[in-house]
Each structure stands twice: as C-alpha cells, then as structure tokens.
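Student: Residue numbers (this note's numbering): 1 to 397.
In short, the hints are calculated from the structure, not lab data.
One or more hints might be untrue.
[As the list claims (entries may be wrong)] List of simulated lysine-lysine pairs, DSBU-like, C-alpha gap at most 35 Å:
1. K349 with K268
2. K250 with K319
3. K7 with K319
4. K81 with K209
5. K388 with K42
6. K42 with K268
7. K268 with K321
8. K137 with K81
9. K209 with K7
10. K268 with K81
11. K268 with K7
12. K137 with K42
[Said to hold, decoys possible] Pairwise CB distance ranges (calculated):
13. N9 with N314: 33 to 43 Å
14. S138 with A384: 41 to 51 Å
15. T310 with G381: 37 to 47 Å
16. P190 with G351: 43 to 53 Å
17. A350 with N9: 25 to 35 Å
18. T45 with D132: 38 to 48 Å
19. T310 with S3: 37 to 47 Å
20. N314 with R201: 21 to 31 Å
21. I72 with E329: 30 to 40 Å
22. N84 with D225: 20 to 30 Å
23. N314 with H338: 13 to 23 Å
Glycine residues also receive a C-beta, built at the ideal position from the N, C-alpha and C atoms.
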Amino acid sequence: MKSFNFKINSRLGLARSGTMQTPHGTIETPAFIPVGTQATLKALTPEQLAQTGAQAVLANAYHLYLRPGPDIIEAAGGLAKFMNWAGPTFTDSGGFQVMSLGTGFKKVIDMSGEVTQPDPKPKDRLASIDNDGVTFKSHLDGSRHRFTPEISMQIQHKIGADITFAFDELTTLHDSRQYQEESLEQRTHPWAEQSLAAHQRLTKENPDKPYQALFGVIQGAQYEDLRRQSARFMADLDFDGFGLGGALTKENLGEIVRWMVEELPEEKPRHMLGISEPEDIFDCIENGADTFDCVSPARIGRNAALYLPTGRVNITNAKYKADFAPLDETCDCYTCTHYSRAYLHHLFKAGELLSNTLATIHNEHFIVHLVDQIRHHIDAGSLAEFKKDWLTTYRQL
RNA sequence: GCGGAUGUAGCUCAGUUGGUUAGAGCGUCGGGUUGUGGUUCCGAAGGCCGUGGGUUCAAUUCCCAUCAUUCGCC
1 MKSFNFKINS RLGLARSGTM QTPHGTIETP AFIPVGTQAT LKALTPEQLA QTGAQAVLAN
61 AYHLYLRPGP DIIEAAGGLA KFMNWAGPTF TDSGGFQVMS LGTGFKKVID MSGEVTQPDP
121 KPKDRLASID NDGVTFKSHL DGSRHRFTPE ISMQIQHKIG ADITFAFDEL TTLHDSRQYQ
181 EESLEQRTHP WAEQSLAAHQ RLTKENPDKP YQALFGVIQG AQYEDLRRQS ARFMADLDFD
241 GFGLGGALTK ENLGEIVRWM VEELPEEKPR HMLGISEPED IFDCIENGAD TFDCVSPARI
301 GRNAALYLPT GRVNITNAKY KADFAPLDET CDCYTCTHYS RAYLHHLFKA GELLSNTLAT
361 IHNEHFIVHL VDQIRHHIDA GSLAEFKKDW LTTYRQL
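Modelling step: build the complete structure from the supplied sequences, incorporating the hints.
Tutor: Below, the structure is given as structure tokens:
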C-alpha cells in the first residue's frame with residue numbers, strides 16, 4: 001500500500017507550497033534536501049544536520065553500491081536506520097555517474113555552456129554507455145561494474161530510501177542536439193519505463209517493506225521541445241513525482257523549469273536535481289519546483305566559502321583575520337551564535353576539522369532557511385517582494 | 001686560535017661542467033566548486049643567488065677577502 005502522498009497547501013502563480021508524506025516523516029515544501037552522498041553528511045552528525053533545519057537527506061546509490069554494498073544497508077535495516085537519520089531519505093539512481101565518470105570525467109557540470117576542458121579521451125573514461133545501461137570502473141579500485149535500470153532499482157530498493165529516482169542519462173550542454181534526442185529516445189525514456197517496471201515488481205515482492213516512492217527524471221538539456229517532450233513522456237507514466245535533471249543553462253534556468261512544469265500534473269511533486277544557488281532556487285520555485293538537493297553548500301563550505309545575506313565570502317581572506325564579529329549576525333545557526341569570523345578564519349588556516357563542521361552547519365542552515373522563508377512567503381502571498389528584497393541585499397557585495 | 005661545512009623566495013632546500021625571463025615544496029595573497037571529489041583544484045605575488053673585490057665577452061656558478069651560522073679540534 002502506498003504511504004507516499006503529496007498535498008498542495010497554497011499556490012502563487014506556478015509556485016506552490018505543500019506537504020510530502022513519506023514512511024519516515026513529512027517534508028514541508030518547497031524544501032532544500034542536503035546531500036549525504038555516502039550515507040553521511042560530511043562533517044556533521046545527524047543531530048547537527050537536523051539542527052540546520054534539514055527535513056531530509058539524499059544519498060547516492062552509486063557510492064553506497066560500491067561501499068559498503070546494498071546488502072549491508074539492507075541488513076542494517078535500511079538507509080535511515082543505518083545512518084541514524086530519523087527523517088525521510090532520498091537516493092539518486094547512479095545516473096549522474098554515467099556522466100561524471102564518462103564524458104564529464106574530471107569536469108564538473110558546466111552551466112555556462114563554455115567548454116573549459118576538452119572531453120576526456122575514451123581510454124581515460126571510467127564509464128561507457130549503451131542503450132541497455134552503463135558499464136563503468138569503480139573509482140575506488142578500478143573493478144568493473146554494470147548499471148541498468150533494473151539493477152539501479154534493485155540497489156535502491158535494498159538501500160531503502162523513501163524517495164528513489166529512475167535511472168537516467170545525464171547529458172551535458174556540450175553534447176549535440178542529435179545526441180540529446182537519441183539520449184531521450186533510446187536511453188532515458190526507455191530506462192524510465194524499465195525503472196518503473198522494476199520498481200513496481202520489487203514493491204509487490206516486498207509488501208512488508210515501507211513504500212518507496214519513485215520519481216521519473218526528465219532530461220532534454222537546453223531545448224524547449226525536448227524538455228516538453230520528456231516531461232510529457234514522464235507525466236504519462238505512473239511515477240510518484242518527477243526529477244528535473246540534466247544540463248541546464250543558468251541564464252534561463254527558470255524558463256526551462258517552466259517548460260517542464262507546464263507539461264506535468266499539478267498534484268505530483270517536482271524535485272530539482274543538483275541545484276542550490278540562491279538565485280537558481282528562486283527561479284526554480286517561481287516556476288513550480290518543490291524540492292532541491294545539492295552538494296554545493298557543504299562542498300563550498302568545506303573549502304571556506306560561506307553564504308552571507310550580503311553575498312558569498314571566502315572566510316580565509318586576510319580581512320577576516322581579526323574580525324571578531326559573528327559570521328552572520330542575523331543568523332541563528334550554531335556556528336553564528338557561538339563563533340567569530342576570526343575564529344573560523346583561524347580554523348581554516350590551521351586545517352582544523354572543526355572548520356568543516358562549522359562551515360557546513362552554517363551553509364546548510366543558510367540554504368535550508370532561505371527555502372523555508374520562500375515557503376512562508378508563498379503562503380503569505382509575498383514571494384515577489386521577498387525575492388526582490390533578498391536578492392537586492394545578496395547582490396550588493 | 002686552527003680545520004671543515006653551509007650561506008639561493010617568509011621557511012626548508014634544488015640548481016647552474018659560467019651563457020636567454022634562477023626553480024620546487026610549504027607559507028602568503030586571491031579565485032573556483034550546482035544529481036561525483038573530507039583536507040581539493042586554479043592562479044598570483046615574492047629573490048640584485050650573504051657582502052666586497054677579482055678573472056671573463058659573460059659570474060648565483062671560478063678565485064680572493066670578509067661577515068654570519070654551524071660542526072670538530074686545541
């Protein structure tokens with residue numbers, strides 16, 4: 001029996017607030033979901049993560065499959081119990097690694113569309129793709145593995161997150177239009193159907209396990225017709241929600257989201273994969289996105305980049321050496337209520353582990369709290385004014 | 001006092017059989033990170049090669065002196 005439910009509370013244009021029910025609790029949306037790739041949010045205990053206001057956490061099937069292995073997590077009682085996280089959990093399908101180990105190897109997702117690094121030579125790639133799945137070498141030990149939609153769903157069912165994603169191919173902005181079409185028709189779309197079929201079978205075979213929701217992932221890169229076509233394709237399948245994924249041009253991110261949202265049923269949730277910059281979050285929510293996940297707040301935090309209401313700063317800059325003010329005097333997170341900029345500066349300069357913890361707490365809190373505020377302003381009908389004020393302050397640096 | 005060793009970027013050191021803009025690591029300064037990357041990636045600044053002479057077309061490199069540091073001996 002399905003214990004996944006999504007209810008819309010209020011609407012403001014395409015934006016909406018809602019409540020997502022999962023076996024491990026509810027998520028008030030819009031919501032930012034921090035990423036704990038390897039069943040832990042790096043540098044934080046689950047209690048610390050909860051204190052940032054995070055309602056759920058997203059882990060990665062690829063990483064957990066390689067280590068410790070799905071059987072271990074299943075034997076532990078599932079992802080949430082294994083990592084001692086009391087709330088809802090998500091897993092990404094592993095589709096991202098098709099890109100990141102293949103054409104995108106050693107290259108981050110590039111949202112500018114500019115080629116900053118040449119594509120890796122085929123021999124340097126760790127992954128090769130065909131229409132049935134992807135064969136890849138483990139980044140841990142080089143051993144050979146294969147993912148198909150069926151295998152990804154088996155893994156995700158053993159991991160046992162509340163919300164799972166269909167196995168897809170994430171293309172890049174550098175791929176040709178023809179490649180994007182072929183990717184949709186020959187891989188992402190058939191794989192969505194295969195993921196759904198495997199998911200339904202596995203759900204039926206394990207009636208005693210908590211229900212896992214499955215979101216279909218929409219691709220189509222920067223092309224309107226492909227985005228709409230992919231969204232319609234996913235909308236016609238019996239998914240619990242949708243992942244809006246893939247290569248997105250930053251300049252018109254909101255518009256791309258709108259293309260997809262206009263083709264999707266209103267009553268199902270939409271999750272933005274890998275988005276967390278404040279400007280992007282506003283644009284996506286305004287156009288109908290409900291949840292977000294991203295490693296960025298944690299990763300940039302670990303590297304001393306911290307969010308302030310007046311813009312992002314690098315706390316290792318010399319000007320913070322003797323700045324004894326709180327990191328952000330308007331923030332009520334643990335870091336800002338207890339430590340100075342000078343102390344954070346010192347921790348990073350000294351390479352101390354606590355720097356990662358304090359920075360991650362603040363950055364996750366900052367983005368989670370921003371989305372919480374947006375939710376309240378949707379309910380209050382004041383999103384446009386809030387966005388204008390907030391971004392005016394944020395961009396003044 | 002005698003003998004030896006060493007003096008090159010803030011630090012620890014490469015280097016030049018004499019020859020165009022003298023290098024590295026660390027440190028300093030700055031930037032990056034959007035479904036992977038827990039100590040990361042990229043970039044920049046910074047040296048009259050201890051000082052003074054000499055040899056040479058040319059010296060950080062050879063010679064002399066001198067100063068400093070250091071080791072050993074008396």
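Student: Tell me if the beta carbons of T45 and D132 are separated by a distance inside 38 to 48 Å.
Tutor: For T45 and D132 the Cβ distance comes to about 41 Å; the hint holds.
Student: In this structure, is the beta-carbon distance linking N9 and N314 contained in 33 to 43 Å?
Tutor: holds, 38 Å
Student: Is 13 to 23 Å right for how far apart the beta carbons of N314 and H338 are?
Tutor: holds, 21 Å
Student: Look at the Cβ atoms of N314 and R201 and judge whether their distance stays inside 21 to 31 Å.
Tutor: violated, 50 Å
Student: Quick check: does the Cβ-Cβ distance between T310 and G381 fall within 37 to 47 Å?
Tutor: violated, 27 Å
Student: Could you check the hint for me, namely that N84 and D225 are 20 to 30 Å apart, CB to CB?
Tutor: Given range 20 to 30 Å: violated, Cβ gap about 46 Å.
Student: Could you grab the alpha-carbon distance between K268 and K321 and see if it respects the 35 Å cut-off?
Tutor: violated, 49 Å
Student: CA of K209 to CA of K7, is that 35 Å or under?
Tutor: holds, 23 Å
Student: Next pair to validate is K388 with K42; report whether the Cα-Cα distance is within 35 Å.
Tutor: Measuring from Cα to Cα gives roughly 33 Å; hence the hint holds.
Student: Assess, step by step, whether the Cα of K42 is no farther than 35 Å from the Cα of K268, and give holds or violated.
Tutor: Status holds; Cα separation ~31 Å.
Student: When you take the CB atoms of P190 and G351, is the distance between them in 43 to 53 Å?
Tutor: Distance hint for P190, G351 holds at roughly 48 Å.
Student: Is the straight-line distance between the alpha-carbon of K268 and that of K81 35 Å or less?
Tutor: Holds: K268 and K81 sit about 27 Å apart, inside 35 Å.
When each numbered hint is compared with the structure, violations occur for hints 1, 3, 7, 15, 17, 20, 21, 22.
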